[in-house]
Amino acid sequence: MTFSWRRMTAILFKDYKDFSRNMAVSVVIFMPPILAALYGRMGVDSLDAYYMVFNMTFAMVGAFVQSCLIAEEKEKNTLRGLMLSPANTAEILSGKSLLSFILTMVVIVVCAFLFDYYPQNVFITLIALTTSALFYIVLGTLVGLFAKSVMEASVYVLPVIGIFTFGSSITAFADKYPLLKVANYMPNAQLIEIATAVETGAGFGDILSNLSIILAWLVVFAVLTIAIYRKRMVD
Amino acid sequence: MSLQFINAEKRVNDTVVFPSFNLNVDTGKVIALYSSVNVREQLINLLLEKTRLSNGQILFSNTPEEIGFLFLDSGLYERLTVKETIQFSKRLYGTTIPVGETLRKIQLDSKQNVKINRLSHSEKKRVQLACLLIHNPFIYILEEPDQNLDLETKRIFISVLNELKIQKKSILILTGNLESAITSSDEVYRLDENGLHNVQIQEKTDGNEEQLEKNNELEEQATAVVQPVRFEKIPTKVNEKIVLFDPIEIDYIESNEGQSFLHIKGESFPSVFTLNDLEQRLLPFGFFRCHRSYIVNLQRVREVITWTRNSYSLVLEDAKKSTIPLSKTKMAELKEMLGL
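Going line by line, the protein sequences match chains A and B. All residue numbers for the first sequence refer to UniProt numbering, where the first residue is 1 and numbers rise by one. All residue numbers for the second sequence refer to UniProt numbering, where the first residue is 1 and numbers rise by one.
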């Protein structure tokens with residue numbers, strides 16, 4: 001079956017309307033901007049603070065919204081109808097992912113504006129942010145596959161928020177426990193490294209290694225998600 | 001573009017769900033399959049190609065353009081409005097059927113901007129039906145379409161079915177409710193572990209009533225004069241239709257406030273005859289008047305229970321293990337019949 005843009009946008013608009021009327025889930029898009037406004041007014045202007053809010057946006061908006069969109073289809077028994085329609089899995093998932101992606105990027109831009117954060121190299125920063133956003137959306141899809149209801153999804157996503165928002169700060173203990181150096185290879189830590197490098201005027205070549213680590217995370221989780229999807233759909 | 005079952009047979013482990021049967025759901029026809037929940041679920045899984053037949057085949061193509069389902073438990077997007085839901089279906093299926101016309105058909109045009117979660121159950125089913133109409137496949141599979149529906153929705157449902165018939169669609173209704181099967185379809189079949197059986201329906205229209213009466217008179221005359229082959233089936237009334245049952249299908253007959261009811265496989269059907277008439281008709285088939293208001297099919301009796309010296313009950317071997325009373329005077333008669 002061929003990929004149909006019409007069906008994908010139909011799903012995108014349907015999910016947008018549904019999402020905008022579901023306050024229990026849509027309230028999360030207001031949290032990062034409020035935090036950003038507070039930090040910005042308090043005079044916090046370290047990159048670490050900016051990116052903690054950005055990473056929180058990724059986990060809360062990207063991963064959480066995506067997992068809820070998928071879990072709700074299962075909970076309300078609407079997935080069967082959707083699967084029997086001409087829309088295939090690629091169209092269903094890309095419609096949903098596109099909504100999560102747009103929401104994430106809008107929230108990030110609003111946060112950056114509230115922080116008065118303007119990176120030295122917008123192009124590189126944008127690429128790094130986009131890659132990260134995609135990774136979190138894949139992560140959200142994975143959570144959505146496991147969760148049977150929105151309530152389950154919101155519980156499963158908590159460790160994701162915890163690890164990927166604050167996880168990078170455990171590197172502070174790396175001197176004492178060398179094992180924690182692993183945390184440096186987390187996608188959120190890598191994103192901060194890219195941002196720091198960009199501020200010192202680094203070019204595209206300098207951040208390539210960091211970017212490829214984030215990309216590796218994305219690929220590994222995408223493969224994992226597809227594998228689990230196939231396994232679950234067989235049952 | 002029809003749905004054909006050819007020697008379709010399904011067994012699960014060692015039990016037969018349904019033995020081999022042939023059924024052709026032609027275009028422009030509404031066919032109802034009256035069956036248990038197990039058989040219905042098996043059929044739906046087969047049509048969804050989740051499971052396979054043990055033998056034979058089902059001829060249809062499993063593409064969204066070809067076949068559409070109305071599920072019993074399918075959900076709707078609760079926060080969308082009626083109109084948005086139907087528009088979403090239209091964009092998803094890419095059909096050209098106008099939304100406004102469909103809204104009028106299900107008579108929800110006055111509620112088109114109401115969110116789904118504010119509708120009643122019957123109205124939600126109508127929205128579900130509208131999505132199927134927008135989908136516009138060739139074959140319609142309807143699972144328990146009028147379960148728990150209000151009268152208005154049932155009326156709309158039947159008028160939609162008639163319209164689909166004119167459009168030459170093939171419609172298969174899967175239901176466990178014989179009344180629903182009879183009221184909404186042209187042909188009713190019963191499918192169980194004994195196979196596929198036609199449930200005969202006689203359509204009674206207002207104009208024919210006189211003629212029917214005349215026929216009855218003629219029949220009576222005929223029986224009085226030459227005693228031809230006696231008509232064996234027992235008619236019952238379901239809404240506007242007359243359903244004919246084989247005497248051997250009947251478990252027992254009960255009289256309640258002057259009206260006799262045939263009990264068949266756990267369901268009861270009002271009969272037009274009195275208990276005395278039925279007794280006369282059914283005596284040759286091994287029926288027995290066991291109580292002033294009961295006639296029992298002796299073939300179905302499993303047990304005679306003696307409660308006290310002069311109070312007895314008969315236990316039948318039907319699914320519910322129904323017990324029916326046996327009066328003292330009739331006990332002696334029964335003993336005689338059994339040769340005790």
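Hint data in this document are derived by calculation from the structure and do not stem from the laboratory. Yeah, the Cβ is synthetic: ideal placement off N, Cα and C, and Gly gets one too. It cannot be assumed that every hint is accurate.
Pairs of lysine-lysine residues, derived as DSSO-like cross-links and limited to a Cα-Cα distance of at most 27 Å, are as follows [unchecked claim]:
#1 B/Lys124 to B/Lys105
#2 A/Lys76 to B/Lys328
#3 A/Lys76 to B/Lys124
Quick look at which bits of chain B chain A covers, simulated, 3 or more residues with Cβ under 8 Å [said to hold, decoys possible]:
#4 92-102
#5 292-305
In silico contact screen, one side only, chain A against chain B (beta carbon under 7 Å); selected entries [stated by the list, open to error]:
#6 Lys14
#7 Lys74
#8 Asn77
#9 Pro86
#10 Thr89
Verification of the hints:
| no. | hint | verdict |
| --- | --- | --- |
| 1 | B/Lys124 to B/Lys105 | holds (14 Å) |
| 2 | A/Lys76 to B/Lys328 | violated (58 Å) |
| 3 | A/Lys76 to B/Lys124 | holds (13 Å) |
| 4 | 92-102 | holds (count 3) |
| 5 | 292-305 | violated (count 0) |
| 6 | Lys14 | holds (5 Å) |
| 7 | Lys74 | violated (10 Å) |
| 8 | Asn77 | holds (4 Å) |
| 9 | Pro86 | holds (4 Å) |
| 10 | Thr89 | violated (14 Å) |
Hints 2, 5, 7, 10, counting from the list given before, are not met by this structure.
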